[in-house]
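Given the coordinates of chain A, assemble chain B onto it according to the supplied hints.
The primary structure of each chain is shown beneath.
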Amino acid sequence: MTTDTARRPLPTDDFTPTLTTLAVTSTAAVSPAGVGTTALAAALAVGGATGGEATEGLGDLGEETLPPRPVRAVPPLPFAELLGRKGLRNLDRTTRLALVACQMALDSYPGSIGPGAGVVMGTSSGSVRSSGEYSLRTLQAERPYLVNPSLFPNTVMNCAAGQVAIRHGLHGVNATVAGGALAGIQALRYARNATRQGQAERLLVAGAEELSAQTGWGWQRSGALRPDFPLGEGAAALVVEPEEVAHAEGRPVLARVLAAEVGFAPRGRLFATLTTCIGRALDRSGVAPADVRSVALGATGQVGADRLELRAVRGALGTAGMPPTVDVRQAVGETFSATVTLQLAALVDTWRQRGAHPGEAALITALGHDGSVGCLVVRGPATSPAH
Amino acid sequence: MITGLGAVSSAGIGADDFTAAIRDGRCTTGPITSFDAGGFPHRNAGEVPGFRPEEWLTRIDPDRWGRSSQFAASAARLATLDADLRPEDLARARTGSVMGTTSGESAAIEQLVGEWRSDGLKSLSPSLVQAVPAGRIAAAVNTELGIDGEALTLATACSASNYALGYAYDMVGQGEADYMFAGGADSVNRWAHAGFYRLGALAEEVCRPFDTERGGILTAEGGVALLVEPYERAIARGARIYAEVLGYGLNCDADHMVHPNAATIAGCIREAQRNAGVTPEQIDYICAHGTGTRTNDATEVAAVREVFGDAMPPISSIKSMIGHTMGAASGFGALICCRALYEGFLPPTANVERVDPELGRGVDPVPGKARQAAPQVVQNHGFAFGGNNAIVILGKAA
Chain A
1 MTTDTARRPL
11 PTDDFTPTLT
21 TLAVTSTAAV
31 SPAGVGTTAL
41 AAALAVGGAT
51 GGEATEGLGD
61 LGEETLPPRP
71 VRAVPPLPFA
81 ELLGRKGLRN
91 LDRTTRLALV
101 ACQMALDSYP
111 GSIGPGAGVV
121 MGTSSGSVRS
131 SGEYSLRTLQ
141 AERPYLVNPS
151 LFPNTVMNCA
161 AGQVAIRHGL
171 HGVNATVAGG
181 ALAGIQALRY
191 ARNATRQGQA
201 ERLLVAGAEE
211 LSAQTGWGWQ
221 RSGALRPDFP
231 LGEGAAALVV
241 EPEEVAHAEG
251 RPVLARVLAA
261 EVGFAPRGRL
271 FATLTTCIGR
281 ALDRSGVAPA
291 DVRSVALGAT
301 GQVGADRLEL
311 RAVRGALGTA
321 GMPPTVDVRQ
331 AVGETFSATV
341 TLQLAALVDT
351 WRQRGAHPGE
361 AALITALGHD
371 GSVGCLVVRG
381 PATSPAH
Chain B
1 MITGLGAVSS
11 AGIGADDFTA
21 AIRDGRCTTG
31 PITSFDAGGF
41 PHRNAGEVPG
51 FRPEEWLTRI
61 DPDRWGRSSQ
71 FAASAARLAT
81 LDADLRPEDL
91 ARARTGSVMG
101 TTSGESAAIE
111 QLVGEWRSDG
121 LKSLSPSLVQ
131 AVPAGRIAAA
141 VNTELGIDGE
151 ALTLATACSA
161 SNYALGYAYD
171 MVGQGEADYM
181 FAGGADSVNR
191 WAHAGFYRLG
201 ALAEEVCRPF
211 DTERGGILTA
221 EGGVALLVEP
231 YERAIARGAR
241 IYAEVLGYGL
251 NCDADHMVHP
261 NAATIAGCIR
271 EAQRNAGVTP
281 EQIDYICAHG
291 TGTRTNDATE
301 VAAVREVFGD
311 AMPPISSIKS
321 MIGHTMGAAS
331 GFGALICCRA
341 LYEGFLPPTA
351 NVERVDPELG
361 RGVDPVPGKA
371 RQAAPQVVQN
381 HGFAFGGNNA
391 IVILGKAA
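Residue numbers (full-length UniProt numbering), protein chains in the order written: chain A, 1 to 387; chain B, 1 to 398.
No lab work stands behind these hints: they were computed from the structure. Note that CB positions come from ideal geometry on N, CA and C, so glycine has one too. One or more of the hints may lead you astray.
Stated by the list, open to error - Short, incomplete list of chain B residues facing chain A, as computed with Cβ under 7 Å:
| no. | residue |
| --- | --- |
| 1 | R43 |
| 2 | L57 |
| 3 | P62 |
| 4 | Q130 |
| 5 | D148 |
| 6 | T156 |
| 7 | V355 |
| 8 | L359 |
The shape of chain A in the complex, shown without the other chains:
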């Protein structure tokens, strides 16, 4: 920890709690690279999603068009086949993508998730297309209240998390964290606390982001992304549980989340705050900078933030030097609140394929336009999953 007695005038400050390790025991992803984490990892290896500009997977955009800039859409998915037809018609794309990722994560989970499991969903503002279209309807309809009540839940940000719980009968804690770029880090941080407090035996931690004309034009008009950086979409889901539970029940541990640290800074102090945050995360994880064998960056292509992030990571790792980077956003486009979860899913797949070095760790960073910063420190499985 960073000890600064001048900042710590009262006795409670001296206490820095021990972190509990979360084991990742299943991963899933659906992205412009296709269905599955292997497709995502393959796209990373070649530096981009195959299929590139095809947007037929988005389906009906209404009367709108996407902005004139590169986009990466999830290829057409047989949602009815993947999720069943029941109730599908009223679900928006954010919720569908989240449901597919969660379904896949549960399918590949070596065990039974159980009714005590919970859900932590990462988002930014839910489906902006859903809330925007609902609001537009109140202006366009003959009477402002002539909206479809069945679509109302889509306008609420916890829709995806609620639907996942309904579909899989998950009665544990059900949380939605609205963190945008930070969402995946916040979700794992929240999940760690929830397991520690006994609010859920295990949790689905997911993130979902849909590409729509509404969000597309939002990015276009905000100027936050470089004009040549593609807009993407996707969802990823992980099953996490206390490491000792996974061991006791004989489930292979795919990755271990050691630290999920966050901080906040006004624009001028972002660099220092992110550097401190990474240093604290490594310190609390007991991971030496030299053990960090890969870094997943979160701000590539973001105006003003990408260089700052790279400098902060370099600064925090110091003489250990900069390891190879993993960057799903370069491969599948801006996936905002799904990014960190996709990064972790891709990383786990890379480890699964090539085998993680003993003690190998990865650093996943993120920073938001509002001043939020955060990072994960993740270690590979203790032993090779092949054993």
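Showing chain B alone in chain A's frame:
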């Protein structure tokens, strides 16, 4: 320990004004002014009248932040004053915020929708787009107070503030933070007004939980913040302690997006009480979710009866006065619970003329005005779309 309270609501700005209105049983909902409600059959809501963010905010430029963020930051600023702290005291310690919301920056989204309708998506204003992310609600608190800890926005709809308070309690309790602001914020918006109307859940004039003549909810807005700090710190700095968080429970119905479930809510009550280390007999008062719909009343009372039997403590709804402030609702509930424990009263339910006999015997909604009492342990309910139940138990500071 909860040592600072801040409120921005239809019932006043600042915890003192808010508490005075609630104690008096004053109904502060009224005709909608923030959008043209002329085409709606039901036109009342709980708006914050004449809110001038520049009166309360010193660092945040209101032009760059949405209405919900302004509410949240103002409430946190007020809670800081109430806790007799200076922002620099907070900035020197490890201070963060966790804020709940249902619709985030819905007012900004509706302004953008107006631009979309007039001139197409290509005409969206960059500054409005930048104001949309819901995570800015907690970010606004950190920015306004210059604090560098966690800034977490929980979007668990209408129970989100209770989620936030539970999380703040854990972070402070574990030593992850020295101070945490917990609360929530939401803004009145046309789309939610339309959605609730179409669900048949919107009251025509006033909100009357527990009353035979109840007609539903009134949408409302506001921001609320509670400052949480550890006992040792509160004692060491001689803070006024309103109440102690004893524990909380969270669970999920997992059966329907909009209909509550009595069995799961009963489970949530039991979990909260177990977590707090209290038994049903110790609960002196329940601050109900109490939205004012028939479904909520029936479900909530059934759940309470399942846990308490016929010995139900008084249960009232402040939504009868301020309407349903969505993501801020259980935060306002927690705030009034703190004041009830500290000052010794039970918050009332307004607009109750005849308690619905279908709710069964023993329902005491504290009708009219606040009742003098000396509650020691109280229970604050929050339920939400998606079946997100969250209950916090608060106790009088020892």
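Hint check against the structure, violated hint numbers in rising order: 1, 2, 3, 7 and 8
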